[in-house]
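Protein sequences, first through last, are from chains W and C.
The first sequence begins at 2 in this note's numbering and counts up by one.
The second sequence begins at 2 in this note's numbering and counts up by one.
Hints may be right or wrong, so weigh each one.
Identical copies go unnamed one by one, so any copy, or any two together, can satisfy a pair.
[Unchecked claim] With a straight-line Cα cutoff of 16 angstroms, these simulated EDC-like cross-link-like pairs (lysine to aspartate or glutamate) come out:
1) K3 with E85
2) K3 with D49
3) K123 with D325
4) K399 with E302
5) K18 with D325
6) K141 with D268
7) K299 with D220
8) K141 with D176
9) K295 with D363
10) K217 with E195
11) K245 with D169
12) K141 with E210
Calculated directly from the structure, the hints in this document are not laboratory data.
The chain contents come next:
Number of protein chains: 2
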Amino acid sequence: MKLHELIQELRESHSTKIVLLVADGLGGLPRTPGGLTELETARTPNLDDLAREGVSGLSIPVLPGITPGSGPGHLALFGYDPLEYRIGRGVLEALGINFPLERRDVAARGNFCTLDAEGKIKDRRAGRPTDERNREICQKLQSVRVPGVELFVEPVSEHRFVVVFRGDGLAANIDDTDPQAVGVAPLPAVPRDEASRRTAAFADQFVAEARRVLQKESDANGVTLRGFARYPEIATFHEVYGLKAACLAVYPMYKGLARLVGMEILDAGHSLNDQIETLGRVWQQFDFFFIHFKYTDKTGEDGDFAAKVRRIEELDGVVPRILDLKPDVFIVTGDHSTPSVMRSHSWHPVPTLLWGRHVRTDGTEEFSERACLRGGLGQFEAKYLMTLAMAHAGRLGKYGA
Amino acid sequence: MKLHELIQELRESHSTKIVLLVADGLGGLPRTPGGLTELETARTPNLDDLAREGVSGLSIPVLPGITPGSGPGHLALFGYDPLEYRIGRGVLEALGINFPLERRDVAARGNFCTLDAEGKIKDRRAGRPTDERNREICQKLQSVRVPGVELFVEPVSEHRFVVVFRGDGLAANIDDTDPQAVGVAPLPAVPRDEASRRTAAFADQFVAEARRVLQKESDANGVTLRGFARYPEIATFHEVYGLKAACLAVYPMYKGLARLVGMEILDAGHSLNDQIETLGRVWQQFDFFFIHFKYTDKTGEDGDFAAKVRRIEELDGVVPRILDLKPDVFIVTGDHSTPSVMRSHSWHPVPTLLWGRHVRTDGTEEFSERACLRGGLGQFEAKYLMTLAMAHAGRLGKYGA
Numbered sequence: 002m003k004l005h006e007l008i009q010e011l012r013e014s015h016s017t018k019i020v021l022l023v024a025d026g027l028g029g030l031p032r033t034p035g036g037l038t039e040l041e042t043a044r045t046p047n048l049d050d051l052a053r054e055g056v057s058g059l060s061i062p063v064l065p066g067i068t069p070g071s072g073p074g075h076l077a078l079f080g081y082d083p084l085e086y087r088i089g090r091g092v093l094e095a096l097g098i099n100f101p102l103e104r105r106d107v108a109a110r111g112n113f114c115t116l117d118a119e120g121k122i123k124d125r126r127a128g129r130p131t132d133e134r135n136r137e138i139c140q141k142l143q144s145v146r147v148p149g150v151e152l153f154v155e156p157v158s159e160h161r162f163v164v165v166f167r168g169d170g171l172a173a174n175i176d177d178t179d180p181q182a183v184g185v186a187p188l189p190a191v192p193r194d195e196a197s198r199r200t201a202a203f204a205d206q207f208v209a210e211a212r213r214v215l216q217k218e219s220d221a222n223g224v225t226l227r228g229f230a231r232y233p234e235i236a237t238f239h240e241v242y243g244l245k246a247a248c249l250a251v252y253p254m255y256k257g258l259a260r261l262v263g264m265e266i267l268d269a270g271h272s273l274n275d276q277i278e279t280l281g282r283v284w285q286q287f288d289f290f291f292i293h294f295k296y297t298d299k300t301g302e303d304g305d306f307a308a309k310v311r312r313i314e315e316l317d318g319v320v321p322r323i324l325d326l327k328p329d330v331f332i333v334t335g336d337h338s339t340p341s342v343m344r345s346h347s348w349h350p351v352p353t354l355l356w357g358r359h360v361r362t363d364g365t366e367e368f369s370e371r372a373c374l375r376g377g378l379g380q381f382e383a384k385y386l387m388t389l390a391m392a393h394a395g396r397l398g399k400y401g402a
Numbered sequence: 002m003k004l005h006e007l008i009q010e011l012r013e014s015h016s017t018k019i020v021l022l023v024a025d026g027l028g029g030l031p032r033t034p035g036g037l038t039e040l041e042t043a044r045t046p047n048l049d050d051l052a053r054e055g056v057s058g059l060s061i062p063v064l065p066g067i068t069p070g071s072g073p074g075h076l077a078l079f080g081y082d083p084l085e086y087r088i089g090r091g092v093l094e095a096l097g098i099n100f101p102l103e104r105r106d107v108a109a110r111g112n113f114c115t116l117d118a119e120g121k122i123k124d125r126r127a128g129r130p131t132d133e134r135n136r137e138i139c140q141k142l143q144s145v146r147v148p149g150v151e152l153f154v155e156p157v158s159e160h161r162f163v164v165v166f167r168g169d170g171l172a173a174n175i176d177d178t179d180p181q182a183v184g185v186a187p188l189p190a191v192p193r194d195e196a197s198r199r200t201a202a203f204a205d206q207f208v209a210e211a212r213r214v215l216q217k218e219s220d221a222n223g224v225t226l227r228g229f230a231r232y233p234e235i236a237t238f239h240e241v242y243g244l245k246a247a248c249l250a251v252y253p254m255y256k257g258l259a260r261l262v263g264m265e266i267l268d269a270g271h272s273l274n275d276q277i278e279t280l281g282r283v284w285q286q287f288d289f290f291f292i293h294f295k296y297t298d299k300t301g302e303d304g305d306f307a308a309k310v311r312r313i314e315e316l317d318g319v320v321p322r323i324l325d326l327k328p329d330v331f332i333v334t335g336d337h338s339t340p341s342v343m344r345s346h347s348w349h350p351v352p353t354l355l356w357g358r359h360v361r362t363d364g365t366e367e368f369s370e371r372a373c374l375r376g377g378l379g380q381f382e383a384k385y386l387m388t389l390a391m392a393h394a395g396r397l398g399k400y401g402a
């Protein structure tokens with residue numbers, strides 16, 4: 002029996018409220034063996050209190066040793082098996098900019114690049130244009146027409162845009178045209194199956210037309226495409242859990258992930274402070290709140306241990322404001338680890354705490370990787386986090402007589 | 002490969018004996034965060050010794066966050082995946098009173114109720130008749146005939162009885178007629194599929210005839226039916242493990258669960274003392290002994306923390322008598338947690354200890370939730386407990402060359 006069917010069978014109505022605070026890339030590593038991680042270094046009195054009163058553990062986003070991207074990492078936290086639901090980059094980007102994607106569409110992430118006179122890539126990001134410049138170039142791209150398919154081009158940020166191919170009979174099993182290297186020409190769009198042949202041809206035509214339209218630009222005179230994808234078949238958060246869910250994210254990607262599972266995407270401003278203010282404002286209207294904090298990941302990817310520590314402390318500072326709203330279940334976790342010593346996502350299990358009624362306390366005295374290792378949740382697959390949240394929120398009945 | 006097939010392939014004959022002592026609803030919660038649970042409060046010198054010499058852990062009956070009923074909880078302990086084998090209430094009740102259920106039968110749990118002049122339920126349990134009174138009313142019900150189907154009515158206890166419909170082509174996908182509320186009339190038996198339509202009609206006729214037969218009773222003048230179910234396809238304990246297994250339970254439900262997997266149901270008396278005496282008497286005749294202790298669950302459901310503590314201490318008292326028999330493997334666990342602060346079953350993992358030869362001791366000094374959290378079995382799915390028992394009993398060979 003599938004987990005979602007089981008939850009649908011057992012779930013019960015209740016007025017309880019659940020907060021899921023995701024510190025992106027929360028887990029870390031010490032700078033020297035045996036030393037302290039970012040989370041262990043940070044002064045986090047509020048999170049430590051939560052850990053003391055709650056139950057802790059380490060979540061495994063996908064499988065031991067598997068490093069997740071943002072998509073699988075978040076799907077797992079939302080209770081969707083990340084090995085079952087595979088979401089392409091193009092779809093994520095389209096969802097992140099609020100593009101009204103249809104199920105028949107094929108979306109791809111586009112990058113503006115700078116090509117030299119021989120058509121070889123000089124700069125894979127076209128000198129990182131401003132967002133305003135990005136919008137300007139995208140406007141030009143919007144004039145591109147390809148016979149037989151409807152096209153949409155939308156700016157994302159800097160050198161990034163989304164292209165959507167709309168029509169019947171499209172398919173997305175197509176290799177990236179981005180060679181991920183300079184000094185070589187962009188690749189053709191190679192279909193990996195018969196069904197994707199026609200769509201790949203449309204993509205090639207789009208790229209050729211784009212070069213024609215952009216030929217006078219000095220910086221962004223070419224485009225590459227990656228992550229061709231179609232909208233997945235996925236049950237909504239409300240269908241699975243019966244929860245009215247709100248997303249309070251700042252970055253497009255995470256809005257996109259929340260929209261994918263049918264959360265309502267709120268305008269949560271541009272900072273953690275804005276997000277928490279929004280939370281207070283909409284508190285009565287929803288059962289579930291997904292708050293996304295990007296900067297623990299960003300600082301980790303920058304390799305800036307001290308900055309990640311500061312960002313964790315910033316997050317700790319808003320905990321009392323969330324508690325003031327009196328959530329029934331409050332979870333703090335990450336979608337994966339991003340150790341600053343690695344400057345990248347990693348496979349290491351993610352510190353997680355669950356606070357609420359009827360938790361079995363576990364003697365944990367602080368929120369840290371080593372304390373979580375001894376925590377009552379043990380090491381668990383992230384896809385069960387929502388089941389635990391539902392149970393502690395009194396929203397799951399008994400299985401079997 | 003399925004777990005049972007693997008065990009069947011690897012199992013080896015041996016003369017070792019395994020005792021599975023199930024303290025129903027054993028796991029608990031502290032009354033205040035960070036406090037002691039029932040098990041942690043109880044004085045359990047004998048269980049503590051077992052934990053010290055054995056290996057401990059926390060078992061997850063179904064999945065993280067899922068609260069099991071008695072059926073799934075016990076099936077998991079017996080090594081049957083509770084998500085694969087779903088046993089309806091009617092079948093459990095029928096098995097529990099030793100009714101010789103056939104595979105073509107449909108069984109339902111019946112409740113006597115009191116109806117007012119308008120046919121609405123005044124008391125869902127008919128004033129909780131005595132068992133003797135129950136037998137009397139059941140005798141009247143046994144005169145009911147429904148054309149086209151054979152009927153059996155058997156008393157369980159108080160207001161509870163079992164009705165079995167016997168005939169070919171019956172099906173059990175039928176909604177409960179018990180509205181689980183007073184002030185409303187019992188519901189009709191609504192079939193959820195075409196195959197169950199005829200059986201539902203038989204059920205409705207039975208209920209109508211029952212009302213006619215009982216119309217002169219002041220208390221039990223109506224019946225409701227719930228948990229329509231058929232006997233599941235399930236391999237016996239002997240087929241899976243090659244064990245000759247005995248059940249020493251007092252309550253019908255647990256005898257029913259043991260019979261379901263083909264254990265021999267012994268008359269184990271009415272008390273823990275009776276059960277242990279029976280154990281000594283039949284020790285030579287079986288390889289495996291399932292001893293069920295109900296009162297850790299009952300006191301938890303009553304919300305009586307102190308009484309649950311006392312019941313745990315009562316259980317501790319019989320441990321030396323079991324050890325005197327020299328079991329090779331001795332397991333103490335529960336089918337789920339029943340924290341007295343929740344007055345209900347819960348999803349929390351269950352304290353478990355396994356004592357026997359070749360255990361890898363783990364430094365555990367006592368039998369308690371927090372000690373089990375550090376135990377050598379870790380947090381494990383309950384369905385693997387029997388595999389561990391078989392291994393420690395020297396009854397499982399090597400997998401692969």
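Structure-based check of each hint:
1. K3 with E85: Both ways: K3 and E85 sit 11 angstroms apart in one copy and 11 angstroms across, limit 16 angstroms.
2. K3 with D49: neither (35 angstroms within a copy, 39 angstroms between copies)
3. K123 with D325: For K123 and D325, the Cα distance exceeds 16 angstroms both inside one copy (53 angstroms) and across copies (44 angstroms).
4. K399 with E302: Between. Shortest inter-copy distance 14 angstroms satisfies the 16 angstroms Cα cut-off; intra-copy 43 angstroms does not.
5. K18 with D325: For K18 and D325, the Cα distance is within 16 angstroms only inside one copy (13 angstroms; across copies 52 angstroms).
6. K141 with D268: Cα proximity of K141 and D268: none, with 28 angstroms in one copy and 68 angstroms across.
7. K299 with D220: Classified as neither; 26 angstroms inside a copy, 70 angstroms across copies.
8. K141 with D176: neither (25 angstroms within a copy, 62 angstroms between copies)
9. K295 with D363: neither (29 angstroms within a copy, 27 angstroms between copies)
10. K217 with E195: Classified as neither: same-chain Cα gap 36 angstroms, cross-chain 70 angstroms, threshold 16 angstroms.
11. K245 with D169: Neither, since 32 angstroms and 46 angstroms both go past 16 angstroms.
12. K141 with E210: Answer is within: at 11 angstroms inside a copy they meet the 16 angstroms cutoff, but 80 angstroms across does not.
The structure does not agree with the numbered hints 2, 3, 6, 7, 8, 9, 10, 11 stated previously, though it agrees with the rest.
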